[in-house]
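Go ahead and model the full structure; you've got the sequences and the hints to work with.
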Amino acid sequence: MSEWRLYEVFVRSKHGLNHKHVGSVHASDAEMAMENARDLYTRRNEGVSIWVVPSDTITASASDEKEVLFDPSEDKIYRHASFYELPDEVGHM
Amino acid sequence: MYAQLVETGAKRLKTMEEMSPEEREFQEKVDAETKIEPKNWMPEGYRKTLVRQISQHAHSEVVGMLPEGNWVTRAPTLKRKLQLMAKIQDEAGHGLYLYSAMETLGADRDEEIEKLHQGKAKYSSIFNYPTLNWADMGAVGWLVDGAAIVNQVVLQRTSYGPYSRAMVRICKEESFHQRQGYQILLDMMREGTEEQKAMVQDAINRLWWPALMMFGPHDDESPNSQQSMAWKIKRKSNDELRQMFIDQTIPQLEFLGCTAPDPDLKWNEETGHYDFGEINWQEFYDVLKGNGPCNRERINTRKKAIDEGAWVREAAVAYAKKQKQRAQAA
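Sequence order for the protein chains is B and U.
Each residue of the first sequence is one higher than the one before, counting from 27 in the numbering used here.
Each residue of the second sequence is one higher than the one before, counting from 834 in the numbering used here.
There could be a bad hint or two in this list.
Within a straight-line C-alpha distance of at most 30 Å, the following computed DSSO-like cross-link-like pairs (lysine-lysine) qualify [as the list claims (entries may be wrong)]:
| hint | chain 1 | residue 1 | chain 2 | residue 2 |
| --- | --- | --- | --- | --- |
| 1 | U | Lys1137 | U | Lys1122 |
| 2 | U | Lys862 | U | Lys847 |
| 3 | B | Lys40 | U | Lys1005 |
| 4 | B | Lys46 | U | Lys1005 |
| 5 | B | Lys92 | U | Lys847 |
| 6 | B | Lys92 | U | Lys881 |
| 7 | U | Lys872 | B | Lys92 |
| 8 | U | Lys1065 | U | Lys872 |
| 9 | U | Lys872 | B | Lys102 |
| 10 | U | Lys1136 | U | Lys914 |
Reference excerpt, derived from the structure (chain B facing chain U, CB under 7 Å, subset only) [to be verified]:
| hint | residue |
| --- | --- |
| 11 | Ser50 |
| 12 | Ser54 |
| 13 | Asp55 |
Simulated from the structure, these hints should not be mistaken for lab results.
Computed from a predicted structure; not experimentally measured.
Cβ coordinates follow ideal geometry from the N, Cα and C atoms, glycine included.
Shown next as structure tokens:
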């Protein structure tokens, strides 16, 4: 089965929600990946839509890049609503 | 427990001072309950232990389909047959979730399955016992899946992210298995003939001790446990899990109106737990070494399934190639 391509599976659990990664399947082509994903990840009404994506086409950030990628946003607290204090009299905003 | 005696390669635990900076950082992360993900640095021993444990767990799910497969064509009603097939399909699914989790560690599914077929990889000792009467389907669901749930609920908190997430999915599905098993037995005890009731007790007599063995050897006989616990691959010791299982199962056993084949089993007011007799460890090690009642039959059935299905896999690859060529030509 190693010669079969690995696909990552994303399932939309309900209308209106995002597709969410649920796992992976091996398959000889995309059609079989879809069938396998259906059998494996939606046996109990877990979803209304499935995406299958060849794993080797995904570009992922590396864990050692974490600082480079995410640190710059850490000190920009002014990007959060809670940074702006308003008097109580203004009420909910 | 679907993984027993998982080798960690560690003779004793390293202290923080003895660890390399990377190992120390890793251990601190584990101690802080931060999940380890596939791309994170991890000690080679951690990776190998996980591959062993997860593959053993996956093999157990897959081999675990066989004792039940025996009863698909013999189920007493269409309803029971459908339930049994749904349970078996779940087990195939659980095997696949686990193989996927294992592959995130760089292990190859085919290679690990080949190790199983060569007798180099283990699977849970429980599946080497035969399923002799219909009540065995009830007792397997109730006791074997019940023991697996006790173990797997705790493993949802295991330190390796993909393994933990597979466990969450599996636990959601597993309670159906236990309840359908218990209901089979309840029906037989409530509405069955004397002969059918005797079948229930017979199934419990045969599967009781093997179910307790699923949790593995005593903590002091389990040299790998300490390292697995430090890495938080394991979250509770074998004996703790076994006790939890017994404490929750005895009231269910009494409700059925059945008994356990253990004269030493009794409630201990002082400890608030049940005391129970000693497991026949010689039998446990014999079965694990390959000399249980069904070891050879199970592996032969697995090999036959893989070999006889080879043409289907080859045809699928050939079909995919042809479709691709056609698409390129068009």
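Each hint tested on the structure:
| no. | hint | result |
| --- | --- | --- |
| 1 | U:Lys1137 to U:Lys1122 | holds (21 Å) |
| 2 | U:Lys862 to U:Lys847 | holds (16 Å) |
| 3 | B:Lys40 to U:Lys1005 | holds (18 Å) |
| 4 | B:Lys46 to U:Lys1005 | holds (18 Å) |
| 5 | B:Lys92 to U:Lys847 | holds (28 Å) |
| 6 | B:Lys92 to U:Lys881 | holds (26 Å) |
| 7 | U:Lys872 to B:Lys92 | holds (12 Å) |
| 8 | U:Lys1065 to U:Lys872 | holds (18 Å) |
| 9 | U:Lys872 to B:Lys102 | holds (28 Å) |
| 10 | U:Lys1136 to U:Lys914 | holds (25 Å) |
| 11 | Ser50 | holds (5 Å) |
| 12 | Ser54 | holds (4 Å) |
| 13 | Asp55 | holds (4 Å) |
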